Every structure is written in C-alpha cells, then in structure tokens.
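Protein chains: 2
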Amino acid sequence: MSYYQRHIFFCLNQRPNGEACCADRGAQRAFDHCKSRVKAEGLAGPGKVRVNKAGCLDRCAAGPVAVVYPEGVWYTYVDEHDIDEIVERHLKHGEVVERLLVPPHVGR
Amino acid sequence: MSYYQRHIFFCLNQRPNGEACCADRGAQRAFDHCKSRVKAEGLAGPGKVRVNKAGCLDRCAAGPVAVVYPEGVWYTYVDEHDIDEIVERHLKHGEVVERLLVPPHVGR
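Residue numbers (the working numbering), protein chains in the order written: chain A, 53 to 160; chain B, 53 to 160.
Bound-form chain A, shown alone (with noise of 0.2 Å):
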C-alpha cells in the first residue's frame, strides 16, 4: 500500500497578472477546511490521509481543483459543503463524489 491511503493535493496556485486561477476561487479556505475537517474525523497520518498544498495542476478551466490519488480523481468544488463530501464520502469511505468530478477532457 502507500505510504497515505489516499493523498489529496489543493491547487492553491496564484496568478499575479489578473488570470483565473485556483487561489482567487477559495482555494485557500477549502484546503484549510479539509484539513481541519480531515484531522476532526481522525483520518490524518500514515496509513490514512493526507491533505496536501500543490502549485497549479494546470486544470485551471475546471478550477479550483484538487485531485485524490492513488486514484487519480479529480474534483471541483464551490463552497465547504462540497470539502465536507469529498471528505465524508471519498476520504473517509473511498466513494467517487460523482457530481463534483471534472469532465475528463478539461484542461488548462
């Protein structure tokens, strides 16, 4: 198994020319919600999970994004209901959040 069960990364990317990115869609406070959420269950450590700050994942068209491995799920999400989910039902339970996915053929 790896080192986390299930290791998810915040694009907390900001542009500073004016562009769109992650960190200007409330990156920051989605991440710190997860975290905090994800500490509060008692999932964080190894052999668990991990919340984790990345630089741009370069999906910034479906963005703010974050992406859970090892499976290689992508999500989107609005507001805190939709971290409390994804930390519910993915990290907690290994269920796919259907309707926060990205499409798969969205990029930058």
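Fair warning: there could be bad hints in the mix.
Any copy will do: because identical chains look the same in the list, a pair fits if it lies in one copy or spans two.
Cut-off 25 Å, straight-line C-alpha distance, at most; resulting in silico cross-link-like pairs (SDA-like, lysine to any residue) [unchecked claim]:
| id | residue 1 | residue 2 |
| --- | --- | --- |
| 1 | K105 | R58 |
| 2 | K144 | D76 |
| 3 | K91 | E71 |
| 4 | K144 | P122 |
| 5 | K100 | P68 |
| 6 | K87 | K105 |
| 7 | K100 | S54 |
| 8 | K144 | A113 |
| 9 | K91 | A113 |
| 10 | K144 | N69 |
| 11 | K105 | R89 |
| 12 | K100 | L153 |
| 13 | K91 | C112 |
| 14 | K100 | H157 |
| 15 | K144 | E71 |
| 16 | K91 | G159 |
| 17 | K87 | Q66 |
| 18 | K100 | V158 |
| 19 | K91 | D110 |
| 20 | K87 | G146 |
| 21 | K105 | R67 |
| 22 | K100 | C112 |
| 23 | K100 | A114 |
| 24 | K87 | D110 |
| 25 | K100 | G159 |
| 26 | K91 | G78 |
| 27 | K100 | P155 |
| 28 | K91 | E150 |
| 29 | K100 | G70 |
These are calculated hints, taken from the structure and not from any lab test.
All values reported here derive from a predicted model rather than from experimental measurement.
Start from chain A and add chain B according to the hints.
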C-alpha cells in the same frame, strides 16, 4: 487512466524556524531541473507527465522527498543526476529506481 499518466510532486516546504526542511536541501533546484528535463524529453502534458510543487509531504526525516502517483512511489535524491535517473527510468519508462526509494517507515 488518470488525467496524467504519472504525476510527481516535490516537497518544496520551507520551515521558518531553522528546522530541517526540503527547501534547505536543494528541493527547488531539483524541481526546476525535473520540470525542464520532462519538458525537454517531450513527456509533459495530459496523458503524460506532470511535475508539481507541493507543500510539506510530512516525510521530513527522509528529505528531500518527491512522490510519484498513481504508483505512490516515494523518492529521495541528492543531486541532478538522481533526478535524471528518476525522469529517464521512472517517468519515461515506468521503472522504479530502487536505490532512491524512501524506506517504508520513515516519516516526519
């Protein structure tokens, strides 16, 4: 298949208090080198390879570290020669570079 065939994340975490961190061990330079090699080899992009910055991956005792998903293979490295080997063998050909693996139980 995942959006990226292989997605490597480099810990670039900088600790402000003098504690050991990947940033103090050449992580930025390794990241830059990896990104540039992957691009030069024509490996970069959807369906291929993505080289990403990450915050603390919490395996500091093995730092500097990087992780390749979806395989969940963790590496440490010393210099650009090591990065070249990860790019050529793992990111290009899917072979694990055994000599650079992080031992299974090394954490923070």
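Next on the checklist: At most 25 Å between alpha carbons: which applies to K105 and R67, within, between, both or neither?
Outcome noted: Classified as both: same-chain Cα gap 15 Å, cross-chain 15 Å, threshold 25 Å.
Checklist entry - Using 25 Å as the alpha-carbon threshold, which applies to K87 and D110: within, between, both, or neither? => result Both ways: K87 and D110 sit 22 Å apart in one copy and 14 Å across, limit 25 Å.
Checklist entry - Is it within, between, both or neither when you check K100 against A114 at 25 Å Cα-Cα? => result between (27 Å within a copy, 19 Å between copies)
Checklist entry - Is it within a copy, between copies, both, or neither that the alpha carbon of K100 lies no farther than 25 Å from that of S54? => result Both. Shortest intra-copy (10 Å) and inter-copy (21 Å) distances satisfy the 25 Å Cα cut-off.
Checklist entry - Under a CA distance limit of 25 Å, which applies to K100 and G70: within one copy, between copies, both, or neither? => result Answer is neither; intra-copy 37 Å and inter-copy 28 Å both fail.
Checklist entry - For K105 vs R58, is the C-alpha pair at or below 25 Å within one copy, between two copies, both, or neither? => result both (14 Å within a copy, 18 Å between copies)
Item to check | Within, between, both or neither, where K100 and H157 count as close if Cα-Cα is 25 Å or less | outcome: Cα proximity of K100 and H157: across copies only (14 Å, versus 30 Å in one copy).
Item to check | Intra- versus inter-subunit Cα pairing at 25 Å for K144 with D76 | outcome: This pair counts as neither: shortest intra-copy Cα distance 28 Å, inter-copy 34 Å.
Next on the checklist: As a check of your reading, is K100 near P68 (CA-CA no more than 25 Å) within one copy, between copies, both or neither?
Outcome noted: For K100 and P68, the Cα distance exceeds 25 Å both inside one copy (35 Å) and across copies (27 Å).
Item to check | 25 Å Cα threshold - placement of N69 relative to K144 | outcome: neither (38 Å within a copy, 33 Å between copies)
Item to check | Identical-chain pair category, K87 with G146, by Cα at 25 Å | outcome: within (17 Å within a copy, 31 Å between copies)
Next on the checklist: Reference check for the pair K100 and L153, CA-CA at most 25 Å: within, between, both, or neither?
Outcome noted: both (22 Å within a copy, 20 Å between copies)
Of the numbered hints listed earlier, those contradicted by the structure are 2, 5, 8, 10, 15, 29.
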